[in-house]
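Asks: Single-letter residue listing:
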Amino acid sequence: MMKRSVIDILDLSLEEIEGLLATAQDIIANPDKYAHACARRKLATLFFEPSTRTRLSFEAAMYELGGSVLSVTDAASSSAAKGESVADTAKTVSCYADIIAMRHPKEGAALVAAHSAAIPVINAGDGGHCHPTQTMADLLTIRREKGAFSDLTIGLCGDLKFGRTVHSLINAMARYPGNRFVLISPEELKLPSYVKKDVLAKNGIPYDQTTSLEKAMPELDVLYMTRVQRERFFNEEDYLRLKDSYILDMAKLRAAKPDLCVMHPLPRVNEIALEVDDDPRACYFKQVLNGKYMRMALILKLLEVEV
Amino acid sequence: MNIDAIQNGIVIDHITAGRGMRLYELLGLDALDVSVALIKNAVSHRTSAKKDIIKIDSDIAINFDVLGFVDPGVTVNIIRNGALVEKRRIDMPERLTNVIRCKNPRCITSTERAIDHVFKLTDRKNKVYRCIYCETKA
Chain C
1 MMKRSVIDIL DLSLEEIEGL LATAQDIIAN PDKYAHACAR RKLATLFFEP
51 STRTRLSFEA AMYELGGSVL SVTDAASSSA AKGESVADTA KTVSCYADII
101 AMRHPKEGAA LVAAHSAAIP VINAGDGGHC HPTQTMADLL TIRREKGAFS
151 DLTIGLCGDL KFGRTVHSLI NAMARYPGNR FVLISPEELK LPSYVKKDVL
201 AKNGIPYDQT TSLEKAMPEL DVLYMTRVQR ERFFNEEDYL RLKDSYILDM
251 AKLRAAKPDL CVMHPLPRVN EIALEVDDDP RACYFKQVLN GKYMRMALIL
301 KLLEVEV
Chain B
308 MNIDAIQNGI VIDHITAGRG MRLYELLGLD ALDVSVALIK NAVSHRTSAK
358 KDIIKIDSDI AINFDVLGFV DPGVTVNIIR NGALVEKRRI DMPERLTNVI
408 RCKNPRCITS TERAIDHVFK LTDRKNKVYR CIYCETKA
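Those protein sequence lines, which keep their order, are chains C and B. Position 81, counted from 1, in the first sequence is what our numbering calls 81; the numbers after and before it change by one each time, with no gaps. Whatever position you read off the second sequence (first residue = 1), add 307 for our numbering.
Hints are computed from structural coordinates only; laboratory data are not their basis. For each residue, glycine too, the CB sits at the ideal point set by N, CA and C.
Part of the chain C face toward chain B, derived, beta carbon under 10 Å:
no.	residue
1	Val-86
2	His-129
3	Tyr-194
With a straight-line Cα cutoff of 27 Å, these simulated DSS-like cross-link-like pairs (lysine-lysine) come out:
no.	chain 1	residue 1	chain 2	residue 2
4	B	Lys-347	B	Lys-394
5	C	Lys-196	B	Lys-434
6	C	Lys-190	B	Lys-410
7	C	Lys-215	C	Lys-190
8	C	Lys-161	C	Lys-215
9	C	Lys-190	B	Lys-444
10	C	Lys-197	B	Lys-432
11	C	Lys-202	B	Lys-432
12	C	Lys-3	B	Lys-427
13	C	Lys-91	B	Lys-427
14	C	Lys-161	B	Lys-444
15	B	Lys-410	C	Lys-197
16	B	Lys-444	B	Lys-432
17	B	Lys-434	C	Lys-161
Calculated from the model, a selection of chain C residues having no Cβ within reach of chain B, i.e. all distances over 10 Å:
no.	residue
18	Asp-11
19	Ala-60
20	Pro-177
21	Gly-178
22	Glu-188
My request is simple: use the sequences and hints to build the entire structure.
Replies: If you want it as structure tokens, here you go:
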């Protein structure tokens with residue numbers, strides 16, 4: 001058996017993503033069918049930086065498949081603190097578990113683990129680089145809320161420079177025809193030119209750039225809000241200046257389409273006012289749940305479990 | 308200026324004028340205990356344009372990836388017993404292993420021990436190489 005890892009959303013073909021979406025939707029419809037699918041299989045969650053929600057999502061996913069979990073929540077202060085390399089950690093954990101979900105602050109860490117591990121590795125976030133299962137959650141949310149991945153005007157708002165979820169979603173959605181992006185950010189946090197050039201321009205995907213969320217709002221089918229993340233800044237002053245650039249509240253939402261889908265990878269800080277939570281257009285907690293279903297589908301696929 | 312012909316060794320020819328010294332350093336020729344000539348701004352007999360040439364008076368193993376990365380289009384001539392036995396035009400390699408290092412401080416290569424620094428060619432036309440770990444441009 002050739003072990004397969006997922007480091008980047010682009011490691012999955014469109015057909016494979018469709019397959020995962022179909023499995024996730026079948027899990028939602030028939031949860032009992034999957035309740036013992038991964039019995040006697042173990043997922044190791046190796047988290048070298050804290051991310052409670054991603055870890056819980058993976059762990060809940062594995063438990064709902066009837067599997068068990070080996071959880072390392074402070075990998076950075078245990079093995080890594082003793083000087084163990086990521087490669088050696090991956091080899092060691094391969095002796096105990098059947099699949100690894102790894103979060104690490106360094107970009108490319110999951111690929112290093114995948115090269116060394118004898119078991120599949122799922123990248124649960126490698127610094128500011130990739131976070132494919134977040135994108136899978138985003139895709140299932142768009143599929144369930146909008147029905148299709150085509151002919152949508154997708155607004156991306158906030159930190160488009162360091163926001164890996166944004167880059168990954170652009171990469172994923174660029175493979176479907178007819179979509180248009182509206183890039184809403186402060187000047188300092190604009191989408192990097194290589195993403196614009198290598199992904200948007202290269203695929204002939206139309207996009208507009210603006211600093212005004214209000215102006216962009218009426219035309220959007222999907223609004224993807226992001227948090228300005230303190231840990232991505234070397235300079236605290238820059239973070240403080242930019243952290244509250246955009247706040248979505250009911251006043252701004254009044255100009256939006258009635259079927260707008262508001263998404264956020266969470267956790268939020270101030271970007272979405274609490275009052276928005278009760279609006280039917282708020283989809284960010286559904287997104288969390290969708291993330292669990294897609295992680296279940298991915299674990300099944302990588303462990304080659306047929307249900 | 309005349310440099311004697313070599314009997315057994317390697318001539319790297321058609322180096323873009325000015326890139327000879329970079330190649331000399333990246334190929335580690337300074338560490339060799341054999342005669343090495345680096346000729347700058349030689350005039351091509353064929354085109355009359357300026358070029359650099361490196362002559363190595365020994366049949367050493369050359370890292371062709373370094374040549375293809377720094378100056379695609381150079382030619383490598385292998386000389387044995389005073390005669391040309393092989394001539395190769397060097398193109399851009401698809402992958403570069405341990406030729407250059409990733410400069411991104413957030414990349415895993417900045418902390419992981421014993422890791423190869425690997426770059427892949429992502430855009431041949433614009434000669435763009437990216438780190439396979441963090442995708443930072445070389």
